[in-house]
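Residue numbers (my numbering), protein chains in the order written: chain S, 311 to 770; chain Y, 95 to 515.
If you're looking for bench data, these hints aren't it; they were derived computationally from the structure.
Hints may be right or wrong, so weigh each one.
One-sided excerpt, in silico: chain S residues whose CB lies under 7 Å from chain Y [claimed, not checked]:
| id | residue |
| --- | --- |
| 1 | Gly393 |
| 2 | Thr405 |
| 3 | Leu406 |
| 4 | Phe681 |
All C-beta atoms in this analysis are idealised placements derived from N, C-alpha and C, irrespective of residue type, glycine included.
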Amino acid sequence: MGEEKILLKDKDFAGAEDIANAKDMPGSKETSAGAKGIAAGAKGIAGMDGSKTNVVISGTGVLAKTVRVSKKGDELYSCSRCGTCLSICPVYKNTLDEGVSPRGKLSLIEAAANKTLPLTDKLSQKIYTCTMCNYCTKECPSGVKISELFRAVRQDLVDSSKYPEILDMLKDKIKTAYNITFDTNQGRLDWLKQIPGITLSDYVKDTAEVVYFVGCVSSFSPRSFSIPRAITEIFKRADVDFTLLGEDEWCCGFPLLSSGMTDAVTSLALHNIGMVIKKGAKLLITSCPSCFHTWAHEYTELTGVKPDFEIMHVSQYLLRLIQEGKIKLNDISVNKAGIKVTYHDPCDLGRNSGIFEEPRQVIKSIPGIDFIELDTNRLQANCCGGGGNIESLNPALSSKIADAKTDEIFATKAEIVVSACQQCERTMNTALKRKKGEIDYKVKVLDIAELVLQSMNAEG
Amino acid sequence: MPDVIVRVSSAEQISRIMRFANLEKIPVTPRGAATGLSGGCLTVNGGISLVMVDMNRIIGINPVDLLAEVEAGVITIDVDKAASKYGLFYPPDPGSLKTSTIGGNIAENAGGLRGLKYGVTKDYVNALEVVLPTGEIINTGTKTVKSVVGYNLVDLMVGSEGTLGIVTKAVLGLLPAPPARASILATFADMLDAAKTVRDIVAAGVITATLEFVDNVTINAIEDYLKVGLDRSIGAMLLIEVDGQQGAVDIEAAVVTGVCNDNGALSCKQATSDEERNKLWAARRAALSSLARIKPSTILEDATVPRSRIVELIEAVKSIAKKYDIMIGTFGHAGDGNLHPTILTDLRDSVEEAKVEKVIEEIFIETIKLDGTLSGEHGIGITKAKYLKLEISEDAYQLMKRIKKAFDPNNILNPGKMFLT
Ligand SMILES: Cc1cc2nc3c(=O)[nH]c(=O)nc-3n(C[C@H](O)[C@H](O)[C@H](O)COP(=O)(O)OP(=O)(O)OC[C@H]3O[C@@H](n4cnc5c(N)ncnc54)[C@H](O)[C@@H]3O)c2cc1C
Ligand code: SF4
Ligand code: SF4
């Protein structure tokens, strides 16, 4: 018998480390008829499985915010465990770990709210294993407000000090320097200052029609400098009366919101709104979809202020400039029948903000492009792997998700993959480099603005 | 709740786990994607939850023999995708096909929308590799079209709900993908006319690929959710698809349209493009989701009767709903007599819960009276265990228990399912 026990400890079990404490894994309430039917069909069994029978969660308890958002458990209860979300969730598909699937996370949350499971670090880790791509919420047949619950539970985890340490660093950086990097906020315009011969006052004005909100990543990460550079060049050439905020641009707060640290965001929001009003702008433009999402969908609720300027993502504004004839687009195909181009919908721009068509229209209005959709697109677009802080919390998983995206790109045979997000561009670029040996042609990742500029610069 | 979860990746590992579990008398419960609708993968008495999803290799497709060889954790739709590269398809298409595993499909003998013409999972399982509860690994079945050698263990495994062995590999049958198809949506003022149409289509000699029924409650739910412009006042609609060679499809579509009109269809519309077809299907696919949004608990039943009795079943369900004043939406694969009366309620309310129990029991009793069966495709598991003897005789029950004992003398594989005693 002893021998048999040793046999089982054998390292060749793929899931050796996965012979996890079952308590960290939801295994229970199976599906709508399955588990809820248990209550009707075979009483008593339900309790043993920890399946949900009477989960009206009451009182404040450990997950106060979640309990409130879930309407005392109603919202959690309405997950029928049908498993639809398993077929789409990037973190599940790339780990096959039920504990990080949307339905798995929901049952962990429910168990924690019910106090049948303690709030452990491991549980918290599972909940944070999420790109916040929101695909599950959009596809859930029962209409469970999953992302709202995820956000509430992250807030609760922050309140109970059960969250990844790395987030403290992020919070400190934003609180002290108003950006997500180790730099001071004076570095906001380094991407611009490095361009020879520019006059700063042409870019940072006292007043202007349009404010371009660059965002932390594009401002500080040299790999993304090409995006604000392209945008400002296009704006200049199209005679747009615009200004940057420079040092007065503060992090939009999105990284904190998605981490569950909502409280710290209101002051950032108020500051940013005030700065745009001070410039007398009629229009605010962002190039980062997450900044856009935060400006367009979060700020008013957070601050109670409803700014009277318009908020646009740069892809929408580029389309306007094209339609107004302010930009001249030239054929980029150079002697070819047409260059194959595909487009990746960033989660925060597409699924979370409903902007699907404008970027496509911009791409299609460029002569010499043979546009081809990715296998998953628009509402069904797979995440690139760069969302939800997952790149820093679980780099290996992030890479795996990105690799799957790359396979989709390869399947189109496109030579250019366009995105409208500096984070997607970065994640996809890294993945394409990693996998370049798999194809015998080159694939380039371009931001939508970079593509437009390339077309403006092409031989007319 | 399970005591441990083991993610397995080979038959040999499972074999060792089973030998160990027999020595220690630890219950083992196989788990595919956990989309089952009768509680089959739940660990009733704790023990080991044996997670199969890592065994997801498609070993090969043989386009000449029309076979696919796959591991048990492969997701259903992936078999079909692999087959499509050869112009073939894997016919069983449960609504859960994007999530469910082949092992789970085999264990539950899953059906799908195409069941009327193409049958169910059992019709496509040629051979299996199975780890027996006592740890032996057996291969059973053949890659041939026919075979009569010893007892048919393949068919015994199919539908055994993970109680007789753990399927690790399967050789599945494939078919050439039909080159043409036509989709027709017919609406009826009275749901009984729709039910009669189902009967008459088959009587007219047409075996449609799908013949789906959606009742008024479900139509209204779909309209609330999707707002696709369905007429809320109609009694029922049928979604019919015929497939095959173009010429045959044209003739069959004409016959179907004729039968619908003869039965007083309010409208009968054939999709003229893929886009239109997708629109027609979107409504049907949304049926369950739309119902699920109405109340916190959704109980999907699975009563199945001979096609000729479908009108009676629909009427029975309607009157049960009225008697108990409970909301039941009915839709399903009417062509093969398999309906899904879906009870909408809140099981956290004990009064509702007691009522639901009565409703279910009455539906079952009516179904059996109509020569029907408790479950067309979802299995017995936990949820229907107590009704098993409504349908099968004491002698048959005892024989089943002896079979179980022969396979699993210590009763460690998925205990607590199917048999209550
Ligand atoms: C939205 C939705 C739609 C559905 N539509 C249909 C439909 O149209 N038709 C239909 O028939 N069903 C349908 N189902 C039910 C369900 O999807 C099927 O029963 C499916 O076959 C279960 O597969 P699974 O991988 O999820 O198995 P699980 O639920 O994990 O397990 C089901 C049973 O199989 C056993 N099992 C799993 N893997 C193995 C293995 N390798 N060897 C031995 N036993 C094993 C388990 O122990 C359990 O008893 C639907 C379910 C949902 C949620
Ligand atoms: S899709 Fe929705 S209802 Fe289904 S398991 Fe996922 S969260 Fe639950
Ligand atoms: S938001 Fe995306 S990554 Fe997170 S659980 Fe939902 S589908 Fe998975």
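Taking the numbered hints from earlier one at a time, note which ones the structure violates and give those numbers from smallest to largest. Result: hints 2, 4 break, sorted rising.
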